[in-house]
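Got chain C sorted already, so can you dock chains A and V onto it with the hints?
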Amino acid sequence: MITVNTRILKAEFEYFTPNTIKEVLHLLDQYGSDANVIAGGTDLLVRMKNEVISPSHLINIMKISEMSFIKAEEGWLRIGAATKWHEVVEFCAKDRKYTALYEASCSLGKVQVRNMATIGGNLCTASPAADSAPALLVFNSRVKLTSAQGERIINLEDFFKGVNLTAMAPNEIMTEIQIPSINNGMGSAFMKITRVGADISKISCAVALERQGDICASCKIAMGAVAPVPMKIDQANKIVIGKKVDASLVEEMEKKVSEEINPITDIRSTAEYRRKTAAILLKDVFWKAWHRAGGDK
Amino acid sequence: MKKRTFSTVGQVTRRKDGISKVTGREVYSSDVSLPNMLYARVLRSPYPHAKIVSIDLTEAEKMGAICITPADVPKIRYNERQVSIPEKTYRDRTVLPEKTRHVGEGIAAVAARTEALAEKMLQKITVKYERLKAVFDPFEAMKPGASQLYKDVILGDVVLPITRNIACNREVSEGDIEKGFKEADLVIENEFRTGRAYHHQMETKAVVCRPEPDGGITIWSTMQSIHNARQLLGRIFNISLSKINVHRVPIGGTFGSSIQMNSPVAICVALALKARTPVKLVLTREEDMYDHCKYPSIIKLKHGIKRDGTITAGEMKVFVDIGAHNIQAYPLLGCMAGWFVSLYRMPHMRFEGTSVYTNKAPACAMQGFGNPQVSFAVESQIDIIAEELGIDPIEMRLKNYVGLGETFWGQGPTVRSVIRSCGVEEMLIKGKELIGWDKRVKPEEKTGRFRLGIGVGRSFHTSGTGAPVPGEVMDYSTAMVKFNEDGSVDCLTALMCHGGGTLEAIAKIVAEEIGVPLTKVEISPADTRSTGYDVCTHATRGVYCGGASAQRAANEAKRKLLKFASRILEVNPEVLKIRPDEESDQGIIFLEGAKGKSITVGEVARIAQIKGWGTAISVESHRQVNCPPCFVTNLIEVEVDTETGQIKPVRAVAAVDAGTVINPDLAAGQLEGGLCRGIGLALLEDTEYNPETGELTCGANLTDYKIYTSADMPLVDDIHTFFASTYEPSGPMGAKGVGEAAINCTAGTVANAIYNAIGVRFKEAPITPEKVLAKLGEKTKKH
Amino acid sequence: MMKRKMVNFKVNGELHEVLVESNALLVNVLREELGLTGTKYSCGTGQCGSCTVLVNGKPALSCLMLAVAVDGADIVTIEGLAKPDGSLEPVQEAFLDHSAIQCGFCTPGMVIMGRDLLNKNSNPSESEIQEHIKGTLCRCTGYTSIVRAIKSCGK
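Here the protein sequences come in this chain order: C, A and V.
Per this note's numbering, residue 1 is the first one in the first sequence, and the count goes up by one each step.
Per this note's numbering, residue 1 is the first one in the second sequence, and the count goes up by one each step.
Per this note's numbering, residue 1 is the first one in the third sequence, and the count goes up by one each step.
In isolation and in its complexed conformation, chain C is listed as follows (with noise of 0.2 Å):
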């Protein structure tokens, strides 16, 4: 839009500051929709300098301690919302069994990015193309939201209900990730197609699974800017387990994804391409997990 001045933020706000979770609930009570919270704001400054959006107050949880964090304890790996991404790299690059979190995580936007953005942000923004969110639903993560009628619980795949929108309701806020723990045997990968080094993918996709020699015991699947929402692909996963893995078989499940996902044409790829790629981003992916699965690297 030729009104937009990305130099200055022309949106006026209040600006809130608060220091514990519960300061940020009762904000968020007393402002309901017309708040936002604000995190890294590598998305949200964009998005208001663009006009999308214009909140009357801001509420800033970076100096919430109790919000980030990572922690692996009691079968789960939990990550606090507010937890940058330069640390879930880190993490993961210590731990190596999130391998499909860890490639993803490296391949969100640019070191500037990780440095500022958080984990709850990039999913909170509910973007189709969200790197984080293929590698999050592949290890069936959930994220836990937080108001001040108390705590809830949700699968990360019921979580996402369209283009920028989630479940979250005005008065609450997205207060931690968790992953269950992962069996060693698992293999997992992630990857994305991109028109430069650093960008937006067109077509993203995790894969995890896991083997029993030359069976593949179990699989999930999920992909990113394909449909409104990153989404499970939970059709074409089936075709693999239980069975020999071979190329004839996978060639079967790449013809299956193109059937299952509902991609669109904007401005970074068509729906064409996104339906041709996604078949060969899921077998290249597939078969990086496969091989991690089995011990190789």
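Keep in mind the hints are simulated off the structure, nothing from the lab.
Be aware that a few hints might be false.
Under the rule of at most 25 Å between Cα atoms (straight-line distance), these lysine-lysine pairs were calculated in the PhoX-like manner [unchecked claim]:
{"#": "1", "chain 1": "A", "residue 1": "16", "chain 2": "V", "residue 2": "5"}
{"#": "2", "chain 1": "A", "residue 1": "771", "chain 2": "C", "residue 2": "283"}
{"#": "3", "chain 1": "A", "residue 1": "120", "chain 2": "C", "residue 2": "283"}
{"#": "4", "chain 1": "A", "residue 1": "120", "chain 2": "V", "residue 2": "5"}
{"#": "5", "chain 1": "C", "residue 1": "283", "chain 2": "A", "residue 2": "779"}
{"#": "6", "chain 1": "C", "residue 1": "10", "chain 2": "A", "residue 2": "120"}
{"#": "7", "chain 1": "A", "residue 1": "16", "chain 2": "C", "residue 2": "10"}
{"#": "8", "chain 1": "A", "residue 1": "16", "chain 2": "C", "residue 2": "256"}
{"#": "9", "chain 1": "V", "residue 1": "155", "chain 2": "C", "residue 2": "10"}
{"#": "10", "chain 1": "C", "residue 1": "144", "chain 2": "C", "residue 2": "232"}
Residues of chain C placed beyond 12 Å of chain V at every Cβ, according to the derived structure [as the list claims (entries may be wrong)]:
{"#": "11", "residue": "41"}
{"#": "12", "residue": "63"}
{"#": "13", "residue": "239"}
If you want a taste of the chain V side facing chain A, the calculated C-beta under 8 Å gives, among others [as the list claims (entries may be wrong)]:
{"#": "14", "residue": "48"}
{"#": "15", "residue": "78"}
{"#": "16", "residue": "90"}
{"#": "17", "residue": "92"}
{"#": "18", "residue": "105"}
{"#": "19", "residue": "111"}
{"#": "20", "residue": "133"}
{"#": "21", "residue": "134"}
{"#": "22", "residue": "143"}
{"#": "23", "residue": "154"}
Glycine is no exception: its CB is placed at the ideal position from the N, C-alpha and C atoms.
Below, chains A and V alone, put in the same frame as chain C:
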């Protein structure tokens, strides 16, 4: 001619402006800040084509806004680039228009204490528009009954009616084209298209204007020619040129985007004159993207060829969608004819060019000025012909290129000169070895998902627009050189450095010509008051034309200095020489073979001052009477993923024939940058418009207008640059240009490499993965 | 009228107390209030990296940061990279030696990214360099000389 040996020219040195750039201390136009400065914002049209019925400023002015509307600005029609002779200059714009012709055209402006306040005031202005039908396709625009952007424009001093939205036509022919095609064994005809890429210079257009108490104005702005701006502003605002001072300011990239006086400049001046206080106007990225783009092209190309590969005839028909204003379509078409005819020998040729107005952002020069477009078509076509005839593409080029002793008229039919230095063969032969051409196999012999392909392409650019007979384009430079009393030297010129090191080269030429160390020469800050006319730093003319004037000024100042020295040393001035001296860290004047007969440059200047002999100083204006081609050659290897259509450049050889290379590392940097941008033109960059709204589909921001990143380029060791070993007799120290040449053949080379990889010929750039997959799909269906 | 807030932060080692409006962006406060124009606006949407500064030691985009959000932070801009005695960082020297500078508009952001990488990885590979600086756009150089310059600092 024998090559000279040099002490400064050709040395790798740290660029003089490097220290301020690397520490963040360089002051660009957008960094200029003055006391009592106001910030301007421009109200821009949301419609592609509309009459402005009324503008209501009441509410904005209540807030204290300084406002201007079309009613407040001079009515004079101008072209923001006046470097062509007046009778070839098409004038179609005013400071603010009464009718808007593209989305984003400025129609009113405000100035206020802060940018945020100016934005608020803009929102209070109400404009009544009468919407007109808009045209976005050049062929639709030429149909009878299509909505007309202009009733008339001014050409020279004559009112020129505009029909069918045709901004201008140009036809050039030599020989008898029909005869040429009759002589051919084979006629090959193809249509090629290139996109409307955006310059994407990192600094958006910016201007600061300070109105002076005497009625004059002082300007700091992003521009390639300060004198062009001064003359224009004088004309538009009726101010004496002696009261307009335009400063040369370091620029954050241009690539042609500031080849004209940019549209915000006149708006800012009008505001400052009204406000009577300095005003700053820096475009947002969104505004900048609606302000200019590259000339797109549709090229119908026909060649007649004999079985042995001799070209008998060539015909090119070009359509250029210039958008809403005609900035330089007439010279562009002349140049496109020139690029075409000067690439390969054609006894019979014909060129027909048509430029058409549409309701889009106005196109202007972008590195290569029509040459990347022409070379994309011609270099693709040469490969098509070579394959048809079973001739090696490099042999085909060696057989037909225009070289030594032949006539070159790259800058159009009126700018002709004879080629006196040529490294075409050397570059093709050496490039062939470096890329491993002999191992290249045909596409049908390749299998697998990832296929490598090697392509070759060659082109050139002109070094300036000089010629024995002055043509339609003005071209001369002025430089002043003077000696200081400590042995240092000042050089003053209105030339501009776009980043490529033009001023660095000027310093080296001056140091070399005089014989002082480079550390002793500085390029003075320049403005229009203190410098003689320089047409513009464009057309790859900085070193060749600007350098020649600096060399002459240096030579003349040196002559004066030696005269002083001869009085001190009591010898004839003609026998004295100057060489850089390490011990005194300056130039030393000496008489060969005579001990004791020597003195430093500083000592002479100091004695001359004390004795009242004067300053050794000289000012020279000079027009080059040649415009030698700087030839360029690319060999590029790409890897095509046949399943995703993604193309990755993996290796590249880039060579230029720049004559003597003044700044080797910076010249190599030009080649590397040209490669990156050229690959972008081939594979990635274009702008499209929504036909409903007339808006850019990329949203006019860098989120969805992409350029290549570091991660998309081949590794350092896989990029090989080199220079042909030539010497241009008419150039300063034997030098020609580099600048624009660096990009000219890249897109064509990439297209040829893709063909070699997968056997699919793409005739439309950018060649996106989406297009690749679609074509590969068609190909499989056919089999 | 928005409420103004007093913000305290360290810039290039010096403490600053600045009164800002809630919607003031860090890039503009640095440029306009503190006169540190080495930090550039180019895209405004976090795509080009020209506005990169170090916030608490980490590169961040000042065009997407509210000044109120960096209250208490330690910020280093390109002007603060050289040592107090004026001597340059090795990466700055390398940019000069390898002619990794053309128009210079991206240079501040590039230099900061180069130093950030070298701090974490004293001997980065070419691919690691390409990856690290890929969010900082340069239209002039094609990146080759920049990669070369950063690589030369490796030990």
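Each hint tested on the structure:
Proximity of residue 16(A) to residue 5(V) is assessed by CA-CA distance (about 42 Å); at most 25 Å being required, the pair is judged violated. In summary, the hint linking residue 771(A) to residue 283(C) is supported, as the alpha carbons are separated by about 22 Å, within the 25 Å threshold. Among the hinted pairs, residue 120(A) with residue 283(C) is inconsistent with the structure: their alpha-carbon atoms are about 53 Å apart, more than 25 Å. The suggested pairing of residue 120(A) with residue 5(V) holds, with an alpha-carbon distance near 21 Å, which does not exceed 25 Å.
Between residue 283(C) and residue 779(A) the alpha-carbon distance is near 23 Å, which keeps this suggested pair within the 25 Å criterion. A C-alpha spacing of about 8 Å is found between residue 10(C) and residue 120(A), which places the hinted pair at or below 25 Å, so the restraint holds. Distance restraint check for residue 16(A) and residue 10(C): the Cα-Cα separation of roughly 40 Å exceeds the 25 Å cut-off, and the hinted pair is therefore not satisfied. Proposed proximity of residue 16(A) and residue 256(C) is contradicted: the alpha carbons are some 61 Å apart, above 25 Å.
Distance restraint check for residue 155(V) and residue 10(C): the Cα-Cα separation of roughly 46 Å exceeds the 25 Å cut-off, and the hinted pair is therefore not satisfied. A threshold of 25 Å between alpha carbons decides the hint, and for residue 144(C) with residue 232(C) the separation of about 19 Å falls inside it, so the pair holds. With 12 Å as the threshold on Cβ separation, the claim that residue 41(C) sits away from chain V is violated: the shortest Cβ distance comes to roughly 6 Å. At roughly 9 Å from the closest C-beta of chain V, the C-beta of residue 63(C) falls inside 12 Å, breaking its exclusion from the interface.
Distance check for residue 239(C) against chain V: the nearest CB is about 35 Å away, which clears 12 Å, and the non-interface claim stands. At about 6 Å, the closest approach between the beta carbon of residue 48(V) and any beta carbon in chain A falls short of 8 Å, and the interface hint on this residue holds. For the restraint placing residue 78(V) at the interface with chain A, the shortest Cβ-Cβ distance is roughly 3 Å, inside the 8 Å limit, so the hint holds. Checking residue 90(V) against chain A: minimum C-beta separation of about 12 Å lies over 8 Å; hint violated.
Residue-level restraint check for residue 92(V) holds (minimum Cβ-Cβ distance to chain A is 5 Å; threshold 8 Å). Hint on residue 105(V) holds. Least Cβ distance to chain A is approximately 3 Å, under the 8 Å limit. Among the interface hints, the one on residue 111(V) holds; its C-beta lies about 6 Å from the nearest C-beta in chain A, closer than the 8 Å criterion. A cut of 8 Å between beta carbons decides the hint on residue 133(V): the least distance to chain A is about 5 Å, and the hint holds.
For residue 134(V), the shortest C-beta to C-beta distance to chain A is roughly 4 Å, which falls under 8 Å, so the interface hint holds. Given the 8 Å rule on beta carbons, the hint for residue 143(V) holds: about 4 Å separates it from the nearest Cβ of chain A. Contact between residue 154(V) and chain A, as hinted, is not supported at the beta carbon level, the nearest pair being about 13 Å apart and thus beyond 8 Å.
The structure fails hints 1, 3, 7, 8, 9, 11, 12, 16, 23 (numbered hints given earlier, in ascending order).
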